[in-house]
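Trainee: These are the residues of each chain, in order.
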Amino acid sequence: MASKTIRRMISIGLLLIMVIIFSISSDVFLNFGNIANLLKDSAYLGLIAIGMAFVIIGGGVDLSAGGMACLVGILCVRMSTMGLNGFLIVLAGVILGMLCGFINALFVTRVKLTEFVATLALGFVYSGLTLIFAFRDDRGTITSVAIPKWSSLRAFAGNVGGIFYITIVWIVVAVIAYIVLTRTTFGLHTYSIGSHAKSAQMSGVNNDRIKMLGYIICGACVGLAVVLQASLLGSSPLNIGSGYEFQAIAACVVGGVVLGGGKGDPISALVGALFFKTLMNGLYKFGLATSWEYILQGGIIVVATVFDAVFNRATSKRLLARAQ
Amino acid sequence: MRRMKIIAMLLVLVMAVGFIASCDKPKETTNTSNNDNTASNNDNSAGAPADPTASSGSSGSTGTGALPGGKNIYEDPIKISVISISTAGIVNRMYQMALNDQAVRYPNVILDYKDAEYDPSKQVTLIEEAITQKYDCIILECMDPVGVNEAIDKAEAAGIPVISTNAAEPFTVHSLHVAGADYSSGWKGGEELVKLAGNEGTAVVLDCPASFKPGARMGTGFEDYITQNTNIRLIEQIPIENWDAAVAQTSMRDVLTKYGPGEITMVYCSSGDIANGAMNAIDAAGRADEGILIWGFMGYPMELEAIRDGRMAGTMFSDTYTQYAALFYIALNHIATGLTSITGGYTATPAIEQPMFPVTKDNVDDVMAFSGWYMTKSMNGK
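Quick mapping for you: the protein sequence lines, in order, are chains A and B. Taking my numbering, the leading residue of the first sequence gets 1, the next gets one more, and so forth. Taking my numbering, the leading residue of the second sequence gets 1, the next gets one more, and so forth.
It is possible that some hints are incorrect.
Said to hold, decoys possible - Computed list of lysine-lysine pairs in DSS-like fashion (alpha-carbon distance at most 27 Å, straight line): (1) B/LYS154 - A/LYS149; (2) B/LYS188 - B/LYS71; (3) B/LYS122 - A/LYS149; (4) B/LYS71 - B/LYS134; (5) A/LYS112 - A/LYS198; (6) B/LYS188 - B/LYS361; (7) A/LYS198 - A/LYS263; (8) B/LYS79 - A/LYS285; (9) A/LYS285 - B/LYS71; (10) B/LYS134 - A/LYS285; (11) B/LYS154 - B/LYS134; (12) B/LYS122 - A/LYS285; (13) B/LYS361 - A/LYS285; (14) B/LYS195 - B/LYS134.
Please keep in mind that the hints were generated in silico from the structure rather than gathered at the bench. In this text the structure is predicted, and so the values were computed from the model without any measurement.
When you get a sec, could you build the whole thing from the sequences and use the hints?
Mentor: Here you go:
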């Protein structure tokens with residue numbers, strides 16, 4: 001069996017074990033409402049994680065995702081108050097996200113800043129712009145404004161048979177992203193620059209172009225995630241995306257996307273986000289202190305990273321042995 | 001391959017043991033917090049001037065049982081979800097202590113403290129979680145007055161009263177809002193500072209985080225008073241991320257670098273932690289003798305001690321302990337009567353605005369005397 005399949009099965013297996021344990025130990029875990037809410041919560045993080053997977057697999061990282069989400073969110077709510085059609089707002093959210101991703105990519109590929117510094121700095125810039133575009137009252141004080149009741153953007157908070165639209169979008173995007181990464185030349189090139197950028201370049205891959213596309217896709221996912229989340233919340237609080245860049249990275253890592261690049265796929269990010277949110281959802285049932293939430297999240301990231309390192313070493317050895 | 005299998009098995013085992021251990025946790029505690037100050041429940045009564053256990057009579061002796069649509073608050077198992085913006089800091093310690101102290105009388109009541117970690121989406125998740133788990137009441141320290149509305153509506157529709165407290169008041173109609181008078185306390189702080197400094201000079205505002213501005217309006221109150229009624233020049237208005245003392249200290253340090261001796265008359269701080277950071281920056285810069293007037297908010301122990309020692313000009317005092325102790329009984333009343341905004345037919349959220357009063361060197365000893373026991377306890381974390 002391919003090592004990728006084994007790794008995926010382990011992630012899904014752990015997720016299933018967790019679900020079984022929570023289902024047995026709590027009488028409210030395995031009910032439809034809870035599962036629908038769990039999937040809805042996972043979708044917001046999961047969509048950002050899918051975008052992040054493109055960047056990480058390509059050997060980069062995007063620390064601006066949180067600030068980007070805050071900016072796109074507030075702009076979309078502004079559009080809703082202007083009476084723009086809901087579909088157009090969603091589209092605008094995606095385009096704005098892509099624009100932010102493009103700016104990130106410019107700083108990485110043209111200005112040649114390291115990805116960590118460029119995206120960290122731009123994250124701050126996006127957060128600052130969020131405050132500039134924030135709603136203010138007559139005296140100039142920041143205030144919160146809801147998406148108007150009449151806005152068609154609110155329709156995106158709906159559900160089909162209890163499953164929220166954002167969940168459906170998440171799964172569809174994950175499948176499309178999987179196909180893009182595993183069945184297209186762009187996907188192949190993303191893996192190749194993530195595995196060994198120099199070799200990829202020498203093989204004729206346009207590294208900068210591939211990186212740029214990765215950031216743009218990441219931005220699109222963030223934009224889509226936040227506009228759907230804003231429709232669910234009925235507004236876009238100024239910190240709607242704060243901290244989600246790290247959660248998304250953590251989801252990717254736990255799902256099996258290797259931080260160094262070249263390994264993993266969007267389904268790994270999906271599983272990782274679901275894993276984290278299932279863990280949190282389950283823990284809420286038992287009234288554990290927040291301190292334990294942090295400890296468990298951190299512990300799981302460490303265990304997943306160590307496991308990946310051991311697993312990858314073992315896989316390499318196995319392949320080497322087979323080659324000999 | 002075999003090695004991988006062993007590792008996978010080990011991981012599964014560790015996870016399983018971890019979760020099973022986690023699942024046992026609530027059984028160890030009955031009616032208390034699951035946070036660091038859980039112990040305060042049991043050792044409080046001796047320290048309190050009015051021992052809640054002693055003064056109550058026996059539990060259940062005065063009740064008439066549940067009213068129609070409500071629960072028997074003395075006998076029925078009751079779960080209250082307390083969802084805060086963050087469980088860090090002294091304000092959290094104080095309100096958990098206040099709630100836990102009251103819960104001593106009701107062994108059937110479970111208080112479940114939840115931390116939204118400054119994440120509005122997580123706060124919504126926690127409200128929905130309380131609905132899923134059929135909690136009897138939600139006490140909510142709201143982060144954004146709009147973002148939680150849908151979740152609050154769902155809770156009220158499910159018969160769970162939502163009582164919001166402090167920070168932002170949700171715009172949607174719900175069971176009750178209890179809070180300090182933010183705006184007017186900022187205004188009053190301005191009045192008091194002008195009394196001390198005169199009508200001229202400069203002011204720095206170390207305000208709440210920008211994302212909290214829709215709800216936390218003490219800084220706005222201060223600014224409005226200063227700009228509308230005095231010749232004092234507002235030279236800096238800085239939002240302090242996460243209300244954090246260290247961030248406040250850094251910001252104040254930068255302000256001190258920018259403005260030389262005698263160029264800053266007063267500093268208005270939107271929380272006790274922020275005031276603490278400002279004081280530390282002034283001390284560290286060796287400018288404590290300049291007479292920069294610092295004004296705080298809430299009147300937490302460190303603020304009162306600083307006022308007594310002459311490091312701060314004053315603060316607005318809010319009796320957080322009493323506020324949350326009262327909230328506990330208000331929550332029980334809602335549970336006993338089945339009162340929600342829906343059953344009550346509310347068209348607007350009833351609100352209790354807790355008065356705040358200024359504390360300066362003149363009355364700080366009196367304030368410390370009446371609030372001393374719980375102040376000391378919250379400071380010591382006992």
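Trainee: Are the hints correct? Go through all of them and say.
Mentor: How the hints compare with the structure:
1. B/LYS154 - A/LYS149: holds, 16 Å
2. B/LYS188 - B/LYS71: It is violated: about 42 Å lies between the C-alpha atoms, which goes past 27 Å.
3. B/LYS122 - A/LYS149: Satisfied, since the Cα-Cα distance of roughly 23 Å is no more than 27 Å.
4. B/LYS71 - B/LYS134: Given pair B/LYS71, B/LYS134 holds - Cα atoms ~13 Å apart, limit 27 Å.
5. A/LYS112 - A/LYS198: holds, 16 Å
6. B/LYS188 - B/LYS361: Roughly 16 Å between the alpha carbons, so the hint for B/LYS188 and B/LYS361 holds.
7. A/LYS198 - A/LYS263: Distance of about 17 Å is within 27 Å: holds.
8. B/LYS79 - A/LYS285: Between B/LYS79 and A/LYS285 the Cα gap is close to 12 Å, so the pair holds against 27 Å.
9. A/LYS285 - B/LYS71: holds, 22 Å
10. B/LYS134 - A/LYS285: holds, 11 Å
11. B/LYS154 - B/LYS134: Holds: B/LYS154 and B/LYS134 sit about 12 Å apart, inside 27 Å.
12. B/LYS122 - A/LYS285: Judged against 27 Å, a Cα distance of about 15 Å means the pair holds.
13. B/LYS361 - A/LYS285: Distance of about 48 Å is beyond 27 Å: violated.
14. B/LYS195 - B/LYS134: violated, 52 Å
Checked against the numbered hints above, the structure violates hints 2, 13 and 14; every other hint is satisfied.
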